[in-house]
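Engineer: Chains as they are written, first to last, in the working numbering: chain H, 530 to 740; chain V, 530 to 740; chain X, 530 to 740; chain C, 530 to 740.
Quick caveat, the hints were computed from the structure, so don't treat them as lab data.
Warning: the hint list may mix true and false statements.
A pair holds if it fits inside one copy or across any two, identical chains being indistinguishable in the list.
Said to hold, decoys possible - Calculated pairs, EDC-like style, for lysine to aspartate or glutamate (alpha carbon to alpha carbon, straight line, at most 16 Å): (1) K656 with D581; (2) K545 with D594; (3) K545 with D712; (4) K545 with D581; (5) K709 with D581; (6) K656 with D677; (7) K709 with E602; (8) K545 with D589.
4 protein chains.
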Amino acid sequence: MTSNQAILEAKQAVAKLAVDLSGRGWMPATSGNLSVRVDGTTDFCITPSGVDKGALQATDVLLLDLDGTVLEETRYRPSAETIVHQKLYASEECGSVLHVHTVYNNMVSQLYFNQGHVEFADHELLKALGHWEPDAKITLPIVENHADLQLLGQAVGEAAVAGVPGVLVRNHGIYAFGRKPFDAKRHLEAFEFLFEYHVRMLQLAQVPLHR
Amino acid sequence: MTSNQAILEAKQAVAKLAVDLSGRGWMPATSGNLSVRVDGTTDFCITPSGVDKGALQATDVLLLDLDGTVLEETRYRPSAETIVHQKLYASEECGSVLHVHTVYNNMVSQLYFNQGHVEFADHELLKALGHWEPDAKITLPIVENHADLQLLGQAVGEAAVAGVPGVLVRNHGIYAFGRKPFDAKRHLEAFEFLFEYHVRMLQLAQVPLHR
Amino acid sequence: MTSNQAILEAKQAVAKLAVDLSGRGWMPATSGNLSVRVDGTTDFCITPSGVDKGALQATDVLLLDLDGTVLEETRYRPSAETIVHQKLYASEECGSVLHVHTVYNNMVSQLYFNQGHVEFADHELLKALGHWEPDAKITLPIVENHADLQLLGQAVGEAAVAGVPGVLVRNHGIYAFGRKPFDAKRHLEAFEFLFEYHVRMLQLAQVPLHR
Amino acid sequence: MTSNQAILEAKQAVAKLAVDLSGRGWMPATSGNLSVRVDGTTDFCITPSGVDKGALQATDVLLLDLDGTVLEETRYRPSAETIVHQKLYASEECGSVLHVHTVYNNMVSQLYFNQGHVEFADHELLKALGHWEPDAKITLPIVENHADLQLLGQAVGEAAVAGVPGVLVRNHGIYAFGRKPFDAKRHLEAFEFLFEYHVRMLQLAQVPLHR
Numbered sequence: 530m531t532s533n534q535a536i537l538e539a540k541q542a543v544a545k546l547a548v549d550l551s552g553r554g555w556m557p558a559t560s561g562n563l564s565v566r567v568d569g570t571t572d573f574c575i576t577p578s579g580v581d582k583g584a585l586q587a588t589d590v591l592l593l594d595l596d597g598t599v600l601e602e603t604r605y606r607p608s609a610e611t612i613v614h615q616k617l618y619a620s621e622e623c624g625s626v627l628h629v630h631t632v633y634n635n636m637v638s639q640l641y642f643n644q645g646h647v648e649f650a651d652h653e654l655l656k657a658l659g660h661w662e663p664d665a666k667i668t669l670p671i672v673e674n675h676a677d678l679q680l681l682g683q684a685v686g687e688a689a690v691a692g693v694p695g696v697l698v699r700n701h702g703i704y705a706f707g708r709k710p711f712d713a714k715r716h717l718e719a720f721e722f723l724f725e726y727h728v729r730m731l732q733l734a735q736v737p738l739h740r
Numbered sequence: 530m531t532s533n534q535a536i537l538e539a540k541q542a543v544a545k546l547a548v549d550l551s552g553r554g555w556m557p558a559t560s561g562n563l564s565v566r567v568d569g570t571t572d573f574c575i576t577p578s579g580v581d582k583g584a585l586q587a588t589d590v591l592l593l594d595l596d597g598t599v600l601e602e603t604r605y606r607p608s609a610e611t612i613v614h615q616k617l618y619a620s621e622e623c624g625s626v627l628h629v630h631t632v633y634n635n636m637v638s639q640l641y642f643n644q645g646h647v648e649f650a651d652h653e654l655l656k657a658l659g660h661w662e663p664d665a666k667i668t669l670p671i672v673e674n675h676a677d678l679q680l681l682g683q684a685v686g687e688a689a690v691a692g693v694p695g696v697l698v699r700n701h702g703i704y705a706f707g708r709k710p711f712d713a714k715r716h717l718e719a720f721e722f723l724f725e726y727h728v729r730m731l732q733l734a735q736v737p738l739h740r
Numbered sequence: 530m531t532s533n534q535a536i537l538e539a540k541q542a543v544a545k546l547a548v549d550l551s552g553r554g555w556m557p558a559t560s561g562n563l564s565v566r567v568d569g570t571t572d573f574c575i576t577p578s579g580v581d582k583g584a585l586q587a588t589d590v591l592l593l594d595l596d597g598t599v600l601e602e603t604r605y606r607p608s609a610e611t612i613v614h615q616k617l618y619a620s621e622e623c624g625s626v627l628h629v630h631t632v633y634n635n636m637v638s639q640l641y642f643n644q645g646h647v648e649f650a651d652h653e654l655l656k657a658l659g660h661w662e663p664d665a666k667i668t669l670p671i672v673e674n675h676a677d678l679q680l681l682g683q684a685v686g687e688a689a690v691a692g693v694p695g696v697l698v699r700n701h702g703i704y705a706f707g708r709k710p711f712d713a714k715r716h717l718e719a720f721e722f723l724f725e726y727h728v729r730m731l732q733l734a735q736v737p738l739h740r
Numbered sequence: 530m531t532s533n534q535a536i537l538e539a540k541q542a543v544a545k546l547a548v549d550l551s552g553r554g555w556m557p558a559t560s561g562n563l564s565v566r567v568d569g570t571t572d573f574c575i576t577p578s579g580v581d582k583g584a585l586q587a588t589d590v591l592l593l594d595l596d597g598t599v600l601e602e603t604r605y606r607p608s609a610e611t612i613v614h615q616k617l618y619a620s621e622e623c624g625s626v627l628h629v630h631t632v633y634n635n636m637v638s639q640l641y642f643n644q645g646h647v648e649f650a651d652h653e654l655l656k657a658l659g660h661w662e663p664d665a666k667i668t669l670p671i672v673e674n675h676a677d678l679q680l681l682g683q684a685v686g687e688a689a690v691a692g693v694p695g696v697l698v699r700n701h702g703i704y705a706f707g708r709k710p711f712d713a714k715r716h717l718e719a720f721e722f723l724f725e726y727h728v729r730m731l732q733l734a735q736v737p738l739h740r
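Make a model of the complete structure from these sequences and hints.
Structural biologist: Encoded structure:
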């Protein structure tokens, strides 16, 4: 019974996030997938594959176990990228995974792919990522966009490091995560802000006026 | 009876798309036109000409046959560009055509007009365009914006190639299409994402920092 | 009675435009003013001064005659820029005037101020400005932002030319107009599209890749 | 009784601003804080810490005195940055403080940090900041983002100058203020417009075409 309530809450959280993030244009062309762990279990709820997330209902959300097995009857398929979520939920500290495409996260993932990461420092919004130290600096990993999704899941899972709640995939958006959906969303918003800020600053890199 | 239901559904799909795409600013200044094939027929339903699409109702939508003849009494005129839709519906695989203006699709149509096409490769969103192969690359045709609309329709119809669900017209937006309205919209969103990504990357082409 | 109805319709049109254009961020910091002529008269209805237009009601809208005299009791003041509207309504062909600030219209007004105008050609959206000829080209005037509003009104009125439904004021937005509110809004949207397109193309002027 | 009504109105004003500014994406990742002075007192109402402001209710808003003491029972904590608000309310002319993060205000705060300020001149929107003189020019101060919040509060309070209703903090957004919430919001919108305008003009600094 507790479990049923926990499942319902996870599904509602997924649906709410789907409507919110779709409304910002962060899930274009049915891309992206969002999941929330069922409280107190190793199961998680995830958006269905190939569906427009703009009007997603809790009843559309799928329940899976940590091996990716669908636990309830449904007319939907889970995303092929569910494997990435599974790998991230292997950490007990992960309670929600948000994968979205924005122009800026794709740009950063490509611009800095060769060095395997991008660094952010000297910015107030690092606090939103959990870094309150005055000289905070984070290194966000960027992995190749493997066509083999098992490989992709493994690469993302291995790249994830303590204290940095996200992994970029080259020209394939970001996986942001957190203990609770609220945290994952705050992390995602902070990353997206830093991506846009960074790209727009790069555009001014050759303007002599600025310092 | 089945037919009446099919007509109604096509009109409702057109109206829903009109409100959605207008809300994004993709149909500025009453530009653009949207159509959906009536299921199981060669007829199609299309937005009226010269109307603000932001509050379009299904009852405002026109029913036409493949020759462009209006099949029901109406106070509206079909778009002068209806001929382009007709040419695209000549292919049985086409069930919906979305023509919109965005700043980015106009920019790309002008920037690459001289070479007659623009290429997109190495990006996850190519899957949303139906290309799941690991080394996917698509060539999107760009045609001249002929003042003669018969000529324009012919040019778009001839430029359309299998496997690439869109044609750019120079400084005249995109025609994106698909089997169903859902597919056409997914294709359109994927193209628009790629256009913006591409233009923003071009802006960084001379910044030495990035690689 | 007819007149009362015409006044009400004009006020409703102003309020609807105010909510719409505010929602796009085109009337920041209570800037901008919008007016609609009362059908069949020389009077017009205009937004009040210093008010947030995001929730404007028809009852907030002021009724003025062509000399700028307020014709009904009201707790509001008409905009100091009402004089500009008066000058434009001197032409019988003008039935609505929309003055808004966007980043792009301000940029264009400054970038091309020294030459006194900016030209747009070779673009489908010129049709939305009434130019259907295949080689359409329009010259949009730009005037100085005179502190003396009588002078500003006179400058805008004199700069307005037949066939070009707008005037830019340097770092002071655009005045767009048309026979009906519907036309003025279509003209405004077309101009804003062309401004953004133009500025973004300028940003690529030094990128070697494009042609 | 009057006081209770004044407190309620201040809380409602804070909640309304929170929903409005969150909806624009100006409070990403739970960042930012907004406050309104209780009319006729030295107390003020402020947004709670670490909360998503998108759906804030008046009942979520905290009541504090000028020393930062919370005056009513609540399950929330006031923002750690409340001290900055306190310093600004030390001036009797300050009745509302809005602190938000946008990409553009962060960019300007960093680009011009070394010179300690950024200047804006020759723009109509300076009127919205209270400067109606024909040759208006304002100097907006930029202070370091001190990790020590007492230091930050002091720096912002000291940087604030008569006639310029805002202070930028390096990579930490803007504090905009005014006599009433309406004024503070108008000031904020004017600043944000000028920031975006300025950054986009910088992007064209090397384009030979424009003058």
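Engineer: Taking the hints in turn, state whether each one holds.
Structural biologist: Hint check:
1. K656 with D581: between (33 Å within a copy, 15 Å between copies)
2. K545 with D594: This pair counts as neither: shortest intra-copy Cα distance 21 Å, inter-copy 37 Å.
3. K545 with D712: So K545 and D712 pass the 16 Å test inside one copy only (14 Å; across, 24 Å).
4. K545 with D581: Cα proximity of K545 and D581: in one copy and across copies (14 Å, 14 Å).
5. K709 with D581: between (24 Å within a copy, 14 Å between copies)
6. K656 with D677: Cα proximity of K656 and D677: across copies only (14 Å, versus 35 Å in one copy).
7. K709 with E602: Neither way: K709 and E602 sit 26 Å apart in one copy and 26 Å across, limit 16 Å.
8. K545 with D589: within (12 Å within a copy, 21 Å between copies)
Of the numbered hints given earlier, the model fails hints 2 and 7; all others are met.
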